[in-house]
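Visitor: Spelled out, the chains give:
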Amino acid sequence: MDTNWELFRPFGAHETEGAGRLRLFENFLFNRILTAVLSVFGAMLVIVVLLNMVPGDPATALLGPMATPEYAQRFIAEMGLDQPIYVRLWKFFSQVAVGNLGTDVISGRSVNAIVWNALPHTFALALASMGLACLIGIPAGVYGAVHKGSIGDTLMAMVSVVFVSVPSFILGIFLLIVFSVMLNWLPVLGVSDNATLGDHLVRMILPTVALALGWIGLIARLVRTSMLEALGQNYVRTARAYGLRENMIHYKYALKNAVIPTLAIIGMGIGRLLGGAVLIEIIFARQGLGSVLYDALQARNFSVLQGSVFVVVVIFVVVNLLTELSYSFFDPRIRYNRR
Amino acid sequence: MTEPLLSIQNLRLTAQTDRGTASILRGIDLTVERGRILGIVGESGSGKSSLVSTIMGLLSPGLNAEGSVKLDGVDLLTLGSSKMQALRGNKIAMIFQDPMTALNPVFRVGTQLVDVVRNRYPGVSREEAVKRASDALVKVGLSDPERRMKDYPGQLSGGMRQRVMIAMALLCQPDILIADEPTTALDATIEAQIIDLLRRLRNEFSGSIIFISHNLGTVLQLCDEVAVMYGGHLVELGAVRDVLAQPLHPYSRALIGCEIDDQPLDVPLAFIPGKVPETVDNPPGCIFAPRCNYAAEVCTRVMPPLRAFEGQLAACARLEDIT
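Just so you know, the protein sequences line up as chains A and P, in that order. Taking our numbering, the leading residue of the first sequence gets 1, the next gets one more, and so forth. Taking our numbering, the leading residue of the second sequence gets 1, the next gets one more, and so forth.
Calculated lysine-lysine pairs in the DSS-like style (CA-CA distance at most 25 Å, straight line):
| no. | chain 1 | residue 1 | chain 2 | residue 2 |
| --- | --- | --- | --- | --- |
| 1 | P | Lys-70 | P | Lys-83 |
| 2 | P | Lys-150 | A | Lys-256 |
| 3 | P | Lys-83 | A | Lys-148 |
| 4 | P | Lys-91 | P | Lys-70 |
| 5 | P | Lys-91 | P | Lys-131 |
| 6 | P | Lys-131 | A | Lys-252 |
| 7 | A | Lys-252 | P | Lys-83 |
| 8 | P | Lys-139 | P | Lys-150 |
| 9 | P | Lys-91 | A | Lys-252 |
| 10 | A | Lys-252 | P | Lys-150 |
| 11 | P | Lys-139 | P | Lys-91 |
| 12 | P | Lys-131 | P | Lys-150 |
Computed far set for chain P versus chain A, every beta-carbon distance over 10 Å:
| no. | residue |
| --- | --- |
| 13 | Ala-15 |
| 14 | Ile-190 |
| 15 | Phe-309 |
Derived by calculation from the structure, the hints in this document are not laboratory data. The structure presented is a predicted model; accordingly, all values stated were derived computationally and were not measured. Note that the Cβ used here is the ideal one computed from N, Cα and C, for glycine as well.
Construct all of the structure, not just a fragment, from the sequences and the given hints.
Guide: This is the structure in structure tokens:
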């Protein structure tokens, strides 16, 4: 999460630094990608070791207690579970290197296909939730800072705390009961069986809101804090001294400064949501990555689990990398070099 | 044209604090004529910056201004915030003390200038605004304005940033330009350049300037009149040469005595003993009496008003005795 600011600094006057800056950027990218690869590798190591310690072996879980020992033995060998961890890791990574996440021993489907089918559901939900959270959270934070101490601000502070502290699956169940069961306004299932876009969207409303509320609260609080700081800065006084409209000062001049510290959290949020909102996907029966993970874990289906966890880790790391790159979009001080 | 451009009458600025009512300005009377440059000098905490913040209508919440501040006959203190906002950047504009923080670090210099132009002249097209902004940058002595417009403030030196601020002020063509210690944060060599720039721009600029400074030398170079402030009072007012050559008020004398520029090296530095009065204290007598070398019994009774004496104005009861 911490940007390596030093990498951008030690080059001289900005008119001659074109080539130097490019080299710095390449250095930065190389460093980051190396870190990312190591993170993925480390995460997979931890996952495989942990899976090894999960009680209950897949043979019993899948074949039932009546399976003959020979049959169970063969099954375990087929999954590769009789081999030591480093061999399994080696096999996994050599497969991944050629873009193959493995095969689901139980169904015979490729893990690539399973993950590929789940990804659109996950991406749609994650991006919609985070989009909604920013769309409401950022203006709410600005409002809170501008009208600091007003009734609206106090009310929002209270609501934010509730949103942040109640887990999203509780909110999900609550929304489901109120809007689908009691009021019957929205469908219970979070995923459409026919493929019309409208139906998809309507069914996404409840899970999106359930996931977004917590992030709305968090983003609103963070933006409010950094916005308060920005509003106290001299450049805001300058903008006022030149008669710029308050709306322009707030949403243009102050907000761009105030958003920078919030980027890390927004990036982390997207990463987390893309990693599968497991419980929400289960509550609303959406076949996203979270559901795939949950089902695979239930079945002790290690091949699917390994493959999908790998995808989750990669997504998280990539989103984090993009977040860091986005800093330089908002903060020019990262782009050019100061003395 | 007989009426002065800016006329301040009995301006008081107070704030409620835990220790009682703080008086930041204790009744200021001041006028600024058209096309003139007024310097304001005084120690930190004397109320210089509060005075200009009041004129700009940029007081922090909790501060309470009484009296009147008339610009072209319109009392600014009674104007609503939206009317005041329309006035800022139009009839009045300001250059700030610290150019390092006065510009927004995450927007290009050009963006900030163009926004100010388009706010001041709503009918102006984007291209025209860009052209005016880059012309203004040339005027304040920045070469290669195209590149400067694309730069972020952090890419400019302090002197360059202050030039950008001055360009911003010029673009507004205000009736009154307030410069709040525009050179305090700069190196001495840069300071001289900026003062020189302001002097040259003076001819081009038709409005009045209020120039706040610690440095009496820069006031002498730039200003027509000078006002000396102490403890929220105006203690002396007059033509800049007169006041600096023959300061009447004991505080002005002490302040000029503290200038270190042309003192011999082997003499200890002069300073005014004691400290600036607390804003929450309301002594009955002269505000400067506790630190004054000439204080007498008469000084402890009542704060003397500004009165004419030898072509200047000074707020001292003992002018006749001490000159």
